Amino acid sequence: MLSKRLIACLDVREGKLAKSVRFVDTQDIGDPVEKAREYYADGLDELVFYDITASSDKRRILLEFVEAVAAEVFIPLSVGGGVRSVADATDLRLAGAEKINVNSAAVRRPELISECAHAIGAQNVVLSMDVLRVPVSGATPSGYEIVINGGRTRMGLDALAWALRGEALGAGELVVNSIDADGTREGYELNLTRLVADAVRIPVIASGGAGVPEHLHEVLTKGHADAALVASMVHFGDYTCSGLKRHLHAQGVKMRMRW
Amino acid sequence: MARSVIVDYDAGNLRSVQRACREVGLDAAIASEPQAVAHAERVIFPGVGQAGSAMATLRRTGLDAALRHAIDAGTPILGICLGLQISLDHSEEGDTPCLGLIPGRVRRFALDDPRLKVPHMGWNEVRVVQSHPVLDGIEPGDEFYFVHAYYPDPASKASVLAVANYEREFCCALGLGNYIGVQFHTEKSGRVGLDLIARFAAWDGLFSPPQEGAC
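Quick mapping for you: the protein sequence lines, in order, are chains D and L. Each residue of the first sequence is one higher than the last, beginning at 1 in the working numbering. Each residue of the second sequence is one higher than the last, beginning at 1 in the working numbering.
Source of the hints: derived by calculation from the structure; they are not laboratory data. As the structure is a computational prediction, the values presented were derived from the model and not from experiment. Hints may be right or wrong, so weigh each one.
[Unchecked claim] Derived contacts from chain L toward chain D, CB cut-off under 10 Å, selection only:
| no. | residue |
| --- | --- |
| 1 | Arg22 |
| 2 | Gln50 |
| 3 | Lys117 |
| 4 | Val118 |
| 5 | Trp123 |
| 6 | Ala149 |
| 7 | His185 |
The beta-carbon is built from N, C-alpha and C at its ideal position, and this holds for glycine as well.
Please construct the entire structure, taking both the sequences and the accompanying hints into account.
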């Protein structure tokens with residue numbers, strides 16, 4: 001049977017690794033290529049590169065990073081940040097990305113998901129959703145709302161409805177990122193993750209809030225996630241990829257333990 | 001001059017396969033000309049996408065005949081994912097007649113457990129059931145990266161080299177003579193995947209399975 005996946009997210013800003021806390025106050029913490037190499041050697045299952053500058057004049061920098069990482073890291077590589085068109089997706093694929101993450105641009109223009117799915121295969125299109133907990137209302141019956149532009153713009157769009165729409169449009173996977181939990185190290189948003197994972201038939205990657213290994217265990221079991229995404233936990237050296245996997249394996253979670 | 005080639009037929013990004021080859025010292029050119037494939041020293045036949053459009057491209061470009069020529073010439077050939085699938089006789093995907101390099105069919109996962117997702121995507125253990133020069137070295141517990149909704153079902157069990165389990169066992173590597181195919185993305189499977197490519201790079205193309213019916 002399939003193993004659960006440990007995914008590390010590298011936020012890149014102006015060519016450097018950055019980490020945000022609740023999407024603000026980003027700080028630079030090192031060379032992303034070096035980190036990618038280190039995590040790969042230490043048993044990471046998949047890498048996500050996210051360009052948090054993503055302005056068009058900086059695209060070249062991102063493509064060069066993807067090339068540099070793809071030349072040395074032989075696990076699935078997923079890249080996002082500012083993907084607005086099939087051409088953006090194709091450029092990233094040629095640079096070495098397996099999967100393409102779409103986020104804000106897909107909320108503004110949902111056909112982007114189906115266009116990318118047609119061009120590069122549905123299994124390679126990852127819909128990344130930034131989600132805010134809100135009061136239950138007519139517009140947001142799930143109690144979760146989609147936010148775009150790196151957490152700055154609320155869309156009045158229900159997160160669960162958007163997940164289902166994204167799946168129907170051809171997304172092959174979902175990243176469910178809780179803005180409330182992001183960077184807090186207090187644990188994933190279990191309720192949100194399970195709500196989405198139980199509703200769709202595509203894999204769900206839980207994101208935002210991991211602080212201790214038990215948080216990963218919780219989200220992969222009680223949260224029904226297929227993969228757990230980490231950032232701060234490993235970037236700052238508090239935990240290692242292999243250590244996290246050993247912990248999960250010891251708790252009975254099926255993980256890839258040989259690399 | 002004969003060299004190793006990666007068959008380019010508009011079926012996905014081949015550069016990751018090329019990078020993995022380079023990592024293990026196999027210099028492989030991406031080639032779309034039938035002549036280059038027919039006379040290659042070694043052929044890697046990858047691909048992602050749909051069987052129907054892949055077959056249409058292979059026929060239009062004459063790469064189908066080139067692959068058959070390479071098979072007949074004894075050239076070592078490695079099929080990966082869709083490249084493996086369309087090497088069989090027929091795929092259930094779009095009810096597509098395929099190359100027929102290997103007798104057998106490609107079937108869609110039909111799973112009983114509604115919680116199991118299709119495509120089968122992620123890392124799964126590959127269990128070798130028959131010794132083969134390209135697979136020898138895979139150990140119990142070694143996992144490879146899969147992304148697929150269809151799996152190969154070769155006509156002869158003697159060509160099944162390895163299996164994986166997704167609700168039930170399915171064939172994930174098969175071999176016949178100078179052809180070996182793997183369903184998983186060996187180029188994205190870390191060290192164990194690179195090792196497989198390195199063994200393919202050193203393989204002479206010889207493989208003799210036991211006779212059907214032998215114990």
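Hint check, failures only: none
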